[in-house]
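Undergrad: Residue 72 is where the sequence shown starts when you use our numbering, and the numbers rise one by one after that.
Calculated from the structure, these hints are not laboratory results.
Every residue gets a Cβ at the ideal spot worked out from N, C-alpha and C, and that includes glycine.
Warning: the hint list may mix true and false statements.
Said to hold, decoys possible - Between beta-carbon pairs, the in silico distance windows are:
(1) Asp652 - Pro548: 25 to 31 Å
(2) Arg583 - Ser97: 39 to 45 Å
(3) Asp436 - Lys280: 51 to 57 Å
(4) Pro395 - Ser466: 36 to 42 Å
(5) Asp435 - Val277: 30 to 36 Å
(6) Asn87 - Asn137: 33 to 39 Å
(7) Pro548 - Asp163: 34 to 40 Å
(8) Met580 - Glu673: 22 to 28 Å
(9) Phe388 - Tyr172: 34 to 40 Å
(10) Ser174 - Ile312: 42 to 48 Å
(11) Ile549 - Lys676: 39 to 45 Å
Unchecked claim - Here are the simulated BS3-like pairs of lysine-lysine, each with C-alpha atoms no more than 25 Å apart in a straight line:
(12) Lys310 - Lys467
(13) Lys333 - Lys386
(14) Lys293 - Lys405
(15) Lys355 - Lys420
(16) Lys467 - Lys280
(17) Lys92 - Lys333
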Amino acid sequence: MYVLMLQSCETTLEKNFEDIKHTTLSERGALKEASRCLKCADAPCQKSCPTQLDVKSFITSISNKNYYGSAKYIFSDNPLGLTCGMVCPTSDLCVGGCNLYASEEGPINIGGLQQFATEVDLGRKYLYRPSENENSGSGIGMPLNFLLITFLTSTTMIFNTTFTSLYKFDTKEAEIISSEIPQYRLPYSVVDFEVQLMKDLGVKIVNGKSLDTNDITIQKLKNEGYEAVFLGIGLPDPKKIPIFEGLTEDMGFYTSKDYLPKVTSSSKAGMCACKSQLPQMYGKVIVLGAGDTAFDCATSALRCGAKRVYVVFRKGFTNIRAVPEEMELAREEKCEFLPFMSPRKVMSKNGKVSGMEFVRTELDDDGNWIEDEEEIIRIKADYIISAFGSGLTDSKVVEAMKPVKLNRWGLPEVNNETMQCSEPWIFCGGDIAGVAQTTVESVNDGKTASWYIHKYLQSLHGIPIPSTPSLPTFFTPIDLVDISVEMCGLKFPNPFGLASAPPTTSSPMIRRAFEAGWGFALTKTYSLDKDIVTNVSPRIVRGTTSGQLFGPGQGAFLNIELISEKTAAYWCNSVTELKRDFPEKILIASIMCSYSKEDWTELAKMSEKAGADALELNLSCPHGMGEREWDWLVDRGMGLACGQVRFVLYGRERNGTGLWTGKICVVWEREEWDWLVDR
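Based on the provided sequences and hints, a complete structural model is requested.
TA: Below is the structure:
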């Protein structure tokens, strides 16, 4: 006999902690999505990101299948790039600013692309290190969760600073994001990967410690010789209203601070060796609150056995604090939303929670929320989870933070530009700073604080630091691989360069290319002033090789382009300046003249004297130059072209700078170009 077990919609989620994010992409999906990006010059997605992540650059790298390059861009700006790719509220940030938002296909799935690029990087076995320097020198003690530490570490290790980080959450790093974000949104392997990147920097982690008068205090760290302290303890204490006093977990009452760690410790493989069990739930669950944490509690309750979950909140749907992604996931999993309800009383039976009593709320004409005590609503429930947020109320923690001054909300007074507290040697960030509401905002607090901690420490020793922040980039042994190439006696730092075309129209464009890492560039083709062209108007149209594909990602373009309208003096000065600022880059001058020995000799000597590494001889141009009889290669054969080359080679000084070197010169002097004329 065979028994077919059918699961109803109410039970399919029990103990199912698989990824539920709609943004997750396969390689095929990522490549397709990356091809849609417009690569905006003034990208609103980057401006919408708290960490100013270079979105278009990492997406471009994905479209080129350069996954390490994409991860490098991400981790350079955000050391928690994989975590943020999974949990960032992108609809409120980068995706919300995408210029394709109103298009038929919708905005770019930036979070999914970020997750894909950094997840590919997850399998690489390398050490993350920003510098060859040893970590010795000034000291920093930090009671914090790890999402704020990596920037601090990478910055200060560059400048020889020792770190000791102190954590609160038992024996595990990354307290909040690992223990309060469920597995189906953020797997523990992701957090562990980013923790390992931090450890590769040489960070010393002291587990099982907390900021408390009975353990670690700010003053104790100062007395031990630490010159700066960073506070990143989050908001550890759950907010509870009086009606919950005396209720316990055995009675069916949880706070989010109690409930979510129990769920994650038993569902995240590798996080806890205690083999704890999931909280066993049944029947109906009421979740109080309308923030991200409340919806995490609601969807987690379904996986713990709840048959129905009510998310109850005081205000309306337009006032929900959670990001749309979180609320939508809860709706899809059939959680019930009950707005305009304020809790009044907990009902119990036989020492167990049996339900709750609420009163109706509404918004009056003056914008105030009022409660109608006559309109009472009772809901039966077996469990209650309070997710009203958290704060800093533990007197022992507050005492341990002295001499930090607190504001009227009971949080440290913070300079949001430097993240310094009332004492210049104490910094803080994340939830405890009172501004950051998301993981990515907390990361940016770490970026800001890292620079100003560095400035503060250097000032103690009289070392001047520039005012403009300059943080180290992500660096691994992969970056030490030599991809240089040598050709004709010239060593190119890498084989990637820009041809003589619209991308090199001006000196600033070439400079930007060198700053971005391109190994070589050719100037836009220029001539003598007497032959200068005017009214240059590039015409670039879609090629015929892309089928029905429109927009970015074209396979080819048809280009009608004239030579440069800028003078030879402009380009020669540009060559000199660019070679001065980028001596390791290869800069090739593209020149063009009529069939005149004197003209070719003059322009070649000017370009060589300017410092060009090589010359590109533009022997013809069919794009509008035919009326000047500059299209010989097209109409008149190779003989005239060889003559122009001869003008340059024999017009230069034989003992010059070696612009023409090696085999090229040998081949020419043997008259071996004559075979071109014969053909």
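Undergrad: Each hint: holds or not?
TA: For each hint, the structure was consulted:
no.: 1; hint: Asp652 - Pro548: 25 to 31 Å; result: 28 Å, holds
no.: 2; hint: Arg583 - Ser97: 39 to 45 Å; result: 34 Å, violated
no.: 3; hint: Asp436 - Lys280: 51 to 57 Å; result: 53 Å, holds
no.: 4; hint: Pro395 - Ser466: 36 to 42 Å; result: 38 Å, holds
no.: 5; hint: Asp435 - Val277: 30 to 36 Å; result: 53 Å, violated
no.: 6; hint: Asn87 - Asn137: 33 to 39 Å; result: 35 Å, holds
no.: 7; hint: Pro548 - Asp163: 34 to 40 Å; result: 37 Å, holds
no.: 8; hint: Met580 - Glu673: 22 to 28 Å; result: 26 Å, holds
no.: 9; hint: Phe388 - Tyr172: 34 to 40 Å; result: 21 Å, violated
no.: 10; hint: Ser174 - Ile312: 42 to 48 Å; result: 46 Å, holds
no.: 11; hint: Ile549 - Lys676: 39 to 45 Å; result: 43 Å, holds
no.: 12; hint: Lys310 - Lys467; result: 17 Å, holds
no.: 13; hint: Lys333 - Lys386; result: 29 Å, violated
no.: 14; hint: Lys293 - Lys405; result: 52 Å, violated
no.: 15; hint: Lys355 - Lys420; result: 15 Å, holds
no.: 16; hint: Lys467 - Lys280; result: 14 Å, holds
no.: 17; hint: Lys92 - Lys333; result: 22 Å, holds
Checked against the numbered hints given earlier, this structure breaks hints 2, 5, 9, 13, 14; the rest are met.
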